[in-house]
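**Q** Build out the structure end to end from the sequences listed, making use of the hints.
Line order of the protein sequences matches chains B and X. One point on numbering: in this note's numbering, the residue at position 235 of the first sequence is 235, and numbering is uninterrupted. In short: position in the second sequence from 1, add 1000, done, that's this note's numbering.
What the hints contain is simulated information worked out from the structure, not anything from laboratory work. It is possible that some hints are incorrect.
Stated by the list, open to error - Which chain B residues face chain X? A few, computed with CB under 7 Å, are given here: (1) Ala106; (2) Glu111; (3) Phe153; (4) Lys166.
Idealized CB from N, CA, C, for every residue including glycine.
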Amino acid sequence: MMSGRIKFGVVVFPGSNCDHDTYYMLKHVFNQDTCFLWHKDTSLNGVDTVILPGGFSYGDYLRCGAVARFSPIMKEVIAFARDGGAVIGICNGFQILCEAGLLPGALLKNECLTFVCKFVNIRVENNRSMFTSLCDEGEVLRIPIAHGEGNYFVDNETLRILESNKQILFRYCEQDGSITSNANPNGSLGNIAGIMNKTGNVMGMMPHPERASDPLLGYLHGQKIFKSIIHSLSNQENIFNYSFVERS
Amino acid sequence: MYLAKIIVTLKKSILDPQGKTVHHALESLGMDTVSEVRIGKFIEVKINTESEIEAQKVAEEASKKLLANPVMEDYSFIIEKLS
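**A** What follows is the structure, given as structure tokens:
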């Protein structure tokens, strides 16, 4: 697909607040070409991968992601995704992708009604995707969530399709990988924490891998997701500043 | 000028934890006869046209494209002529 490094674009909406974390992680931890894309931009500036970061775009007014979905840049992102371009939505980005129709379903208010900010365990349901290629199937990753509307919902028929296409990438789980209602932080249907589209180039997840990728912080499970993406898109080897260190 | 009064509700099949919490609060106020509470949105949209059909069309399009998310919400509206 490309010879050199991958170029990432992090979209900045008014109210995005994980844009700089994501930029820092890609640029300075993973040593990738990274740029910001302003919500009013009408070009993706030649990036290979678009990331819609976490935050509260447009103050979460009306519904989370409902207004951001009509930003000028989103017209380009939608066309890019339809052409097979890699698009990743984290937290608010996931909500925006659902609103934009690039991913099925919707994120409802958490069942507990409160904002939940904590580490959770998620189980890798499918490692045959560009977002999870370096994970083992069934592997448990420990990554934080921080959201008030992360309760994934989709109708039964679409859920059946998601399951048969193996589009569900992550489910909230116990430390040992078992899927229980106790491990479900927000009421998501089937403990779903992250999904991809049918063609496998668009992914949305509520947990924040960018908050668990900096060796300085000691939590590194998020690296597996970024490294999977970089690995899948790149021909180059040894592109990482840091090697992945398993936490005990 | 027309005024569209648009009501957006969660689909019947979707649990409404917010409504449930308010229901419990009403119960604790002693309102035992309340059997269910569901919370939605009420949106007023002024539409600058003299045609009621045009106003209907705009309200429908606004509801469908932005104000309601068909995955989880239903909508309905009434149109009033403003004097």
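**Q** Taking the hints in turn, state whether each one holds.
**A** Status of each hint after checking the structure:
Taking 7 Å as the C-beta cut-off, the interface hint given for B/Ala106 holds, the closest approach to chain X being about 4 Å. For B/Glu111, the interface hint holds, since its Cβ comes within 7 Å of a Cβ in chain X; the closest pair sits about 5 Å apart. With a least beta-carbon distance of about 6 Å to chain X, the hint placing B/Phe153 at the interface is held under the 7 Å criterion. Interface hint status for B/Lys166: violated, as the beta-carbon distance to the closest one in chain X is roughly 21 Å, over 7 Å.
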